[in-house]
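Single-letter residue listing:
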Amino acid sequence: MSALLDKRLIVVTGKGGVGKTTVAAALGLIAARSGKRTVICEVAEQERIAGLFGADESGHEERELAPGLHSISVDPERAKEEWLRYQLKSGTLAGVLGGSSLFRYLSAAAPGLSELVTIGKVWDLAQLERRTGGSVFDLAIVDAPATGHGIAMLRAPSTYAGVARVGPIRRQALRIDGFLRDSARTGVVVVALPEEMPVNETFDLERRLAEEMDMVIDTAIVNGLYPERFTGAEVKRLREATPSPNADGAVRAALAEHERVRGQRAQLRRLRRGLAAPVATLPFLFAPELGLDQLDELARRLERRL
Amino acid sequence: MIERWLERKQVCICAGSGGVGKTTTSAAIALGMAARGKKVAVLTIDPARRLANSLGLPELGNEERRVNVDGLEGELWAMMLDPKRTFDEIVEWHAPDERTRDAVLSNRIYQELSNAVAGSQEYMAMEKLHELHQEGRYDLLVLDTPPTRNALDFLDAPRRLTEFVDSRALQVFTAPAGIGLKLLGRGTGVVFSVMKRATGIDLLADMGEFFKSFAGMTEGFRERAARVNELLADSRTAFVLVTSPRRHALEDAVWFHHRLMEAGMPFAGVIANRVHRGGGDSDPAALASLLGEDLARKVLRTYEDERRLADRDRAGLAELRSRIGRKPIVEIPHLHDDVHDLDGLRQMDEYLFGREGPGR
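Protein chains in written order, with the working numbering: chain A, 1331 to 1636; chain B, 881 to 1240.
To be clear, the hints were calculated from the coordinates, so they are not data collected in a lab.
Check each hint, because a few of them may be wrong.
Here are the computed lysine-lysine pairs in the DSS-like style, where the Cα-Cα straight-line distance is at most 27 Å [what the hints assert, rightly or not]: (1) LYS889(B) x LYS1178(B); (2) LYS889(B) x LYS919(B); (3) LYS1076(B) x LYS1419(A); (4) LYS1207(B) x LYS918(B); (5) LYS918(B) x LYS1566(A); (6) LYS889(B) x LYS918(B).
So, partial list: chain A residues that the calculated Cβ filter (under 8 Å) puts toward chain B [what the hints assert, rightly or not]: (7) VAL1348; (8) LEU1418; (9) GLY1421; (10) MET1527; (11) GLU1541; (12) ARG1559; (13) ALA1571; (14) THR1572; (15) SER1574; (16) ASN1576; (17) GLY1579; (18) ALA1580; (19) GLU1587; (20) PRO1618.
Note that the structure is a prediction, hence the values are computed from the model and not measured.
C-beta: ideal position from N, C-alpha, C; glycine also.
Take these sequences, add in the hints, and give me the full structure.
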């Protein structure tokens, strides 16, 4: 765990709906509690971290949610302005360009540009010397988009480095790309559920990260694992119980859950067998919604398992 | 229920946030309609093989593939859209001559960027959908959209594309040297020199080259964008929102619904996956006498956990109902096993289409 938290950037990705945001928030809590000034970056118009901590949304502004824990939701438009200001070393010139409809049309039409400026902003947050002059963080955690879009974001710098053969864009893009590929500085956490498709997608992700980015997964985290409540003998007794109108609902619910647990364990075994990266698990919490108490519990468990 | 939504429809677009079972639901709708006598094609842009997975195919390509399932009255076909390939095809189609075509296809910017897809992906899916619809080989096309909010960017894409094509920005690159800058008026020279400083001169020149070679095709693009938009808004199209009863998925569903209404798209209804049902009442005393104290306590706890989730789901869906108005919502219970194969899809059929079962 310490090795993971000692990096400067952790990329959290995985299939949609598996709990990436929750894991990113839990990792952030662990890091902040161990004394690291930490920032969690949300991208692609998402802003859920602040809500988890009962704070209002604040968009592209860095804000403190808990002692040492900050968050920001990266806005590509703002990130683009910041980049221009830095590149041109002049707010006035940046204003000229930003205000030009020609530039707006061109930059809106250039595919992948918003991914590039987004990952550029995330990169900047992870630097010991910030380009945009903000305060320095010990660790940045990015709650990255799901699988395909996540990889597209990580690939944006090398794509643009290829497009611009010379010049400042190429230099910047190569620096960011080098940082992402350096496993001493950038870590990857993939979140999954113990179900068929998320497990398949985790395999795909491991392969694609290696092929397209030379990146390895530091840890896979399997979320939402149900507890094994019943022994084999108990399940047998439940199956053989005499039908009774006052008890059947509960017995059926228990047996249904048992089936789900069996399915989950089989998928977890499959993931462990097929994945090169180590696999940690987090329990399913039966709380109706995820609040601070639940996040706290997940953070404590995660800290022990990594 | 779904059969009624899709009566006289030729296109069904499934939208929703990630992890709510969109691909599975698209496949189940397509399978169900094929079982009921339609010739159906289900399309996905998702390269993660989820659709191939649930249909029991090793993989899917940019060509439709027949899915052989026993007992279908109609036919089921599936394909994975390849946005890069589609983009190339459109260029080939619109290019006025071979020279222009080759100039675009071999342009470095085009090659790098159309490979990286990202923004253009959703729009290319719409293009392909439109093409398949034009060809008229299927009774129904079911489209599984990508799992992001940007998935609905295609609603804006035709407008954005037209705006760009009409914009003076393009004219700068397409008019003879000198005249282009004049079109933009004074100050453009400054913008250009600042842009060179920010991006590097090479990139700008390459972009100019790219837009210049594109210019001959703009009319075709504009026309096509307009027709794609017509198809989406047509009464033969149905948008279906897929969600789960979890809070953030429901919030996304409300957002998607709002976007669709705003854009004047034909909305059919919501499918809520993985709804916890809870089950009937259970009496602790009856349980204890049936199973003994210890086991009864465990069973009761499981049951209560489940019921809490059922209460949450019911409240969430009630909230959704109140926020999207009188729109139909179909609930699919949280099945024991996650749905990922044909058997699972058949299990969903009962909830999507009602208990009558397919055929006859």
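Do the hints match the structure? See the list:
no. : hint                    : verdict
1   : LYS889(B) x LYS1178(B)  : 49 Å, violated
2   : LYS889(B) x LYS919(B)   : 12 Å, holds
3   : LYS1076(B) x LYS1419(A) : 14 Å, holds
4   : LYS1207(B) x LYS918(B)  : 25 Å, holds
5   : LYS918(B) x LYS1566(A)  : 45 Å, violated
6   : LYS889(B) x LYS918(B)   : 11 Å, holds
7   : VAL1348                 : 6 Å, holds
8   : LEU1418                 : 6 Å, holds
9   : GLY1421                 : 12 Å, violated
10  : MET1527                 : 5 Å, holds
11  : GLU1541                 : 13 Å, violated
12  : ARG1559                 : 6 Å, holds
13  : ALA1571                 : 6 Å, holds
14  : THR1572                 : 7 Å, holds
15  : SER1574                 : 6 Å, holds
16  : ASN1576                 : 4 Å, holds
17  : GLY1579                 : 4 Å, holds
18  : ALA1580                 : 4 Å, holds
19  : GLU1587                 : 5 Å, holds
20  : PRO1618                 : 4 Å, holds
The structure does not agree with the numbered hints 1, 5, 9 and 11 stated previously, though it agrees with the rest.
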